[in-house]
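Student: Chains P, D, H, Z and A: place on chain V using the hints.
6 protein chains.
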Amino acid sequence: MKGAEQSWTRIHCDIDFDRDGKQVSYLQVPHSRNDSAWGVVRIPIMVIKNGDGPGTLLTGGVHGDEYEGPIALAELARTLTVEAVSGRVIIIPSLHYPACVAGARVSPIDGRDLNRSFPGDAAGSFAQMLAHFVRHRLLPLVTTNIDLHSGGRSLDCMPCTMSHLLDDAATLTRTRALASAFGAPLHVMNREVDGAFTFQSTAEQLGVISLSSELGGSGIVSLEGLEIARRGLRRALAHLGNIDAVLAPLQTPTRFMEIAAATDYGFAPVSGIYGPRIPLGATVKPGEVLGEIHSMDDPWREPIPVLASRSGMLWCQRGQGLISAGDASAVVVAEWMGDQS
Amino acid sequence: MKGAEQSWTRIHCDIDFDRDGKQVSYLQVPHSRNDSAWGVVRIPIMVIKNGDGPGTLLTGGVHGDEYEGPIALAELARTLTVEAVSGRVIIIPSLHYPACVAGARVSPIDGRDLNRSFPGDAAGSFAQMLAHFVRHRLLPLVTTNIDLHSGGRSLDCMPCTMSHLLDDAATLTRTRALASAFGAPLHVMNREVDGAFTFQSTAEQLGVISLSSELGGSGIVSLEGLEIARRGLRRALAHLGNIDAVLAPLQTPTRFMEIAAATDYGFAPVSGIYGPRIPLGATVKPGEVLGEIHSMDDPWREPIPVLASRSGMLWCQRGQGLISAGDASAVVVAEWMGDQS
Amino acid sequence: MKGAEQSWTRIHCDIDFDRDGKQVSYLQVPHSRNDSAWGVVRIPIMVIKNGDGPGTLLTGGVHGDEYEGPIALAELARTLTVEAVSGRVIIIPSLHYPACVAGARVSPIDGRDLNRSFPGDAAGSFAQMLAHFVRHRLLPLVTTNIDLHSGGRSLDCMPCTMSHLLDDAATLTRTRALASAFGAPLHVMNREVDGAFTFQSTAEQLGVISLSSELGGSGIVSLEGLEIARRGLRRALAHLGNIDAVLAPLQTPTRFMEIAAATDYGFAPVSGIYGPRIPLGATVKPGEVLGEIHSMDDPWREPIPVLASRSGMLWCQRGQGLISAGDASAVVVAEWMGDQS
Amino acid sequence: MKGAEQSWTRIHCDIDFDRDGKQVSYLQVPHSRNDSAWGVVRIPIMVIKNGDGPGTLLTGGVHGDEYEGPIALAELARTLTVEAVSGRVIIIPSLHYPACVAGARVSPIDGRDLNRSFPGDAAGSFAQMLAHFVRHRLLPLVTTNIDLHSGGRSLDCMPCTMSHLLDDAATLTRTRALASAFGAPLHVMNREVDGAFTFQSTAEQLGVISLSSELGGSGIVSLEGLEIARRGLRRALAHLGNIDAVLAPLQTPTRFMEIAAATDYGFAPVSGIYGPRIPLGATVKPGEVLGEIHSMDDPWREPIPVLASRSGMLWCQRGQGLISAGDASAVVVAEWMGDQS
Amino acid sequence: MKGAEQSWTRIHCDIDFDRDGKQVSYLQVPHSRNDSAWGVVRIPIMVIKNGDGPGTLLTGGVHGDEYEGPIALAELARTLTVEAVSGRVIIIPSLHYPACVAGARVSPIDGRDLNRSFPGDAAGSFAQMLAHFVRHRLLPLVTTNIDLHSGGRSLDCMPCTMSHLLDDAATLTRTRALASAFGAPLHVMNREVDGAFTFQSTAEQLGVISLSSELGGSGIVSLEGLEIARRGLRRALAHLGNIDAVLAPLQTPTRFMEIAAATDYGFAPVSGIYGPRIPLGATVKPGEVLGEIHSMDDPWREPIPVLASRSGMLWCQRGQGLISAGDASAVVVAEWMGDQS
Amino acid sequence: MKGAEQSWTRIHCDIDFDRDGKQVSYLQVPHSRNDSAWGVVRIPIMVIKNGDGPGTLLTGGVHGDEYEGPIALAELARTLTVEAVSGRVIIIPSLHYPACVAGARVSPIDGRDLNRSFPGDAAGSFAQMLAHFVRHRLLPLVTTNIDLHSGGRSLDCMPCTMSHLLDDAATLTRTRALASAFGAPLHVMNREVDGAFTFQSTAEQLGVISLSSELGGSGIVSLEGLEIARRGLRRALAHLGNIDAVLAPLQTPTRFMEIAAATDYGFAPVSGIYGPRIPLGATVKPGEVLGEIHSMDDPWREPIPVLASRSGMLWCQRGQGLISAGDASAVVVAEWMGDQS
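Protein chains in written order, with this note's numbering: chain V, 1 to 341; chain P, 1001 to 1341; chain D, 2001 to 2341; chain H, 3001 to 3341; chain Z, 4001 to 4341; chain A, 5001 to 5341.
All clues given are correct.
On the chain D side, residues computed to face chain H include the following (Cβ under 10 Å):
(1) Arg2010
(2) His2012
(3) Tyr2026
(4) Gln2028
(5) Asn2034
(6) Ala2037
(7) Trp2038
(8) Gly2039
(9) Ile2109
(10) Asp2110
(11) Ala2122
(12) Ala2123
Quick caveat, the hints were computed from the structure, so don't treat them as lab data. From the three backbone atoms N, C-alpha and C, an ideal C-beta is built for every residue, glycine too.
Next up, chain V with everything else stripped away, as it sits in the complex (with noise of 0.2 Å):
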């Protein structure tokens, strides 16, 4: 595999990033089983070199659970020609493919959350290994970082793009300016809690800029958030340089939010049955009621409450029935007030 910074690595792929055209093939992950000895995992992967021009790394998959990204990317990648492609486009549908094909967050293989896992590690475990592969030979060939999630089995939010608040200003305004063409009728940005070992910090670390996304949630495929990462792919590709293409104008600008504090994740005080009060959208006000646990094991009792922390709209909720004690079951987003600074 050339183009990439030669670190070593047990993952294999032989394909050629330095070669112009389009190639698929896979990232051989080995991972030795009681009924493979040599076995591997192969993951699914898509190359387009045009001649010089920016490279873009697009992936989906990070949790097995976020289905819109996997289906936007390979219909991408399906259609996407190397006549129409300037540059270096890397799609990966299903990144942390085993747990793709489980439907599950975090991997069968070795229990990890892979957006936990980086920068990786590559004598580690699958995980470990993955992120290091994409760390240290993928995202060296970018400039550009596009990784849709969605909001997965236990969350559901309305379908957004997403990206850190940043401290340097001009990687903040090139962020923004990429969601802005992405057009997804909702941005939100916040100080990720717990972001050491995420795949998006560990891309800014490296100067590569970073957009996230979250399109529904539940497990469910969101048609919507199907149409905006379909639509905003390809607007993303087009404003990066990496098409040729004319940005329509939005009809609805994307909107900016942020998420301000911890507090504003509503953890649950209590596990029970989540019931929402009021529809994703709504506007609250602090201490309005959000939602409601509900006892199974004595339902004679009043639920408890979910209260506000703070005014705003309700962007996120509990993506299924059941919650547990320090669940986040309901976000409250706030306007971004960056603009005014």
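Tutor: Positioned in the frame of chain V, the structure of chains P, D, H, Z and A alone reads:
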């Protein structure tokens, strides 16, 4: 336990069903475990009796990943007073309790679907014992049963009530009247596939009027489905004469639809990710693409379309991303023409 | 296999129960496994027959986490000679063998409690086949059955023998005489809760005198319980006429107690850690605190007390720290008043 | 589904067995899962019918780790044309489909060995429903059944066909003629141990001529066994009159052997590694060492020999290294002397 | 979180350790699960601070099957007032919380023994992150640590406190003084086997005085051990100057014993049931039979005795019936002779 | 333990490697379990030392489903006397003991392949601790290592010895001489794929001559492979000077073959059943069909052929029926041409 025919059971319940007043207690189902020699599973139950009058059994949680019923039934039980009730109302919010606390359709104890375990077996496994108790101790006490379901983790349904396309015209009429009173926006009727062991079929065989529902799905709590259940339960009790209330006219009367044939279920031809192409509620024509099944191991291959086998309305589709060959992927319902005959 | 009524069974045993002498072999229970097409589970059994005389079946290991019986029975089997025996003595130290080697109450094969699987089924699962064999091939060969139990992992009992409060006075008298001969410090009698499928009930229905025990508990080997079993088995065989020995008078005659009501079991109202407040053997009054249930997720909350429902002696309590709502937490027994009537 | 006696079943199949032509479809067995409420397991089936003529049922995959049958049967089904067939030929290459895709002998759904689940139960577990369908819907359509087995993971057999030592001389003769036509190098006959619930016994009770096989073992695909199956199936169909072909004379006629007694199975006295001492096909004398069982925890101890109980030919031995006490370790067969009587 | 050296950690805790007053909250340990994307495990913690004074860390539940510590520590935390305390007292009743709610020694999340996971790793698995937090955020705040253990499910110990046989005389003297104040009937000292990764060794390396205990065992709650802990904790706090109380003289002063050699642990030579022959507390001579290991598969074989390797007192033995070759079966302790030197 | 460099380890072994004589004992690897607080895994080891002379380490059971090595090594250890040996011979028949008793390639404790866990970690998981011990305590004691492997459950190999295609000519010559002395019919050399963490690579880095093998496969015990190992081990010890014996000339000298490229492994393009088309040992041409992959869910589809990528001899193929996409299906080896250069 008085008031039910005294067929033998291993399940203990200290409620006197013939006594006037409001009683809450448990069904105690024996479950010998490695960590509890004389263990029982306790299933919360509430009974209100007030003089003579109709008997009504209200149940939820037959499947453990269907949450609107348990929430609405517990709320009803908490607020219903003896004074407000005529006759006998029995409420069990989470009937298949071990499945409910696991958030699972089938029992974590015996792997059975309770709704395929009727009429049950007093000497059988957990679900069989429980079905037997409902059949022999509870159904004989009532003339109506409302058993609230939702789509569960694997299906996403437009909220509705449901009942069987019964051959007996009088029973059909009484059931439709109950559905109209309940007042969901939609009522779907079917000839149940594989229905020999269901709760509903068992109730019907005993002459009990039986109403079911699908109040949402995907394993989440539908705000809309919850409201429909809350309102519908009280309207149904009023209609039945269990509570004294005037039924306000509905803004939109219930629309009656039917599932005419087994082929309406759209079983998936291959495994993969099910991506919908049109929203629930859309009108479809025969051969129209309802959704597509996307391959994760070969994402460069075109997805396999799932086509509508008939015209009608898309009422239900796959409730999570992953789908296996043979799973129901999308159900189209047709306007019920029964009134014409 | 001769000497038992020849009802059909899949279990093979090459012992001739009618032949005089000492034979050791196995019950061979078919168990088709992925790694053994024609696999069997082998359960050690010993028979001594010497002319005419009473038939006695001695069993242990009906639950796999109750160890005093298996140890004492194997020791007895090793030391018993043909010459010393009159009639027929059958010993199976570890009857539910797969549970015994797993140290588990219920079967690792079919998840069943053998003592809730009687009278069994020749075409059923492992425990059902085994129960059926005991019922149809072994019990018909004997007039007495002593089935040694302990509290198992979940219960801690003061060592005792046990029997049912039988309605038939003659059988009760014979059973009590056997218990007096066995000579445990305590004999506890109960009307079994959920007893329809037990070994003991099945034996009683066949007219076999049936003695059980609780020789300790918590999944450990009680030194005291072991001594009681060692001495009691030989005394019982002498009493029954199977061996020729003079019963030495006991220093302390057996004390007869009873469990009068289901409420005596002190079922736990909540889950947590059960911390006892008084030792086993203590005399208690109604309302006295027997123990408390401590919360791990809210340790700052006062523990929930478990109160005695009646006066008597604390005979049994939770055998490990964790307890679930509905588990028996503490059993109070009362002096048996049967002699007065 | 026409053409079979219409006993009630939950299994759906849209094939019309009375219609002339070649049809491929599925048996659809209901299997409610947490991730598929209305899930089914689909088992591929092919039927060719062409006018009147004999009915033959060809099955493989009763155990999921026996592969020669499924391969040879699918190949036959692909190549067989309606024109070439007289009567009715039904082919199910992988009957116990969930076990087949798991490569396991017993069902991953209900843990049952399908070949110990006959005659089945329409209201039972997966394997029981399936056995019931075969018994009541398929066997009544045919006069001959060939059910292809191999040794599976736990046994390694010299490739052969098999049948029961039947008491009825006429049936025995017809079965032997079918075996001679099939033309495997070896045909082994036995009085089945624990055979009350097998497919073969059930077919025999219905008067269906029944041939089985062991085409290799150890969970691998035997090249030799595969060739025997490919050739034998066509020869058998010709012999039965289902296809029109002249049976070429065999270079080596089939040798008929028998397993005379249960002791011929050489059950392992202890657990360990089974190391063979002589190859399959060797001639052995009583007392000869067939193999040894080696201890892993005490490797310094001499291994325990397994001795031949009789003279004959070593036909089958342990199919993997590990062996448990009670497992069959080596089977010696003897020349069949039936012709003499 | 103030007051501890600010090494990086993923664990969040909103307590201000430098603030005077009583605070209760949680350690929030990130744990991404399939059913909770942003899930955390919440571990209850209490801190009382009142001016300057000694810092003491009190912990229980390092192993989840040791219950006396969690009960006594929660009770202490509930009753301790700010006014009564000088300095800083930190109480975590159930430190390895996921193991505690599972009643298991090792973590159900990562399979690790927390007490073999020190000094931990901020980027490691659950137990490693937790150990790292204790090492870097809590131990720096204190001069004394009391970590309460019991024998757990596998060991049954006479209640005692424990500490290491330290080479530093001054630290040994201070530790012994703390043990004498605590006042358990027994104090056992050892040179820890395999101790490189324990909590206690880590605390010692930081110069923190460290006391441990074994308050019972077998996975049950010892009434005696609980009383020792309740009394000892208050006495220890008084001795350390955290609370103001006069230490009443003990009726029986603490007896100091030691485990001199690795051979004192009596590792089991074979697997089976461990049957003790003498009670805990008995005086033994070298070669005396402590217990026997009984075979379940060959019960006719004499049991294998376990002999005392030295004279002393039987202090600890197997805590459940089953034992595996290599497990500690019985530990003999000797009078500590350290005072003489 | 003397005689090895004293790097820190948690593994205990009471053997004195510098003492003359024959010693048998265990490696005791700490493994804290829920049912054994201070549990260890005991791995049998034998050492013979007799004066000065070469040091040789003989190991088997690095993978737990490869049985010829453990059998042959234990047999050798039982028969080898001190008098017959010069220097030091260390034998560990079942090195990865927990995998061996499970019959599994990877560890049931930590899921790791021991042969991908070198050079190990003293503070790591089970396999890592074990690899570290071998690397730091055993390899420094020897100049030669013979580590016996077979194909395991997933591969079926023609029996052979193996070594790496080393760049250092002198080492290659010495290794080939050892292979010639061992005298297997075949010796296969390769540049190991993914070899950074193997036992063999680690030994080579220490300058230890390292021979491996594949003695059969499919998880069975190969009679032929066993004989090759029995004879080869004694011949190798004679060659090395550890025992005094004259090497009889081989009837057929060892044939040296090589695996030239990664593409020689024939990775499966799809999942299904692998049916071979030609036997092991056959000569093949590029493009020749080695086997086919058969579909179980669509048996009516033609199987997918696996073609030879080069000419040579078919040496190894899939060892069980099921195969997954990416698994090695058939390996073709070529005559080694190294002598010519």
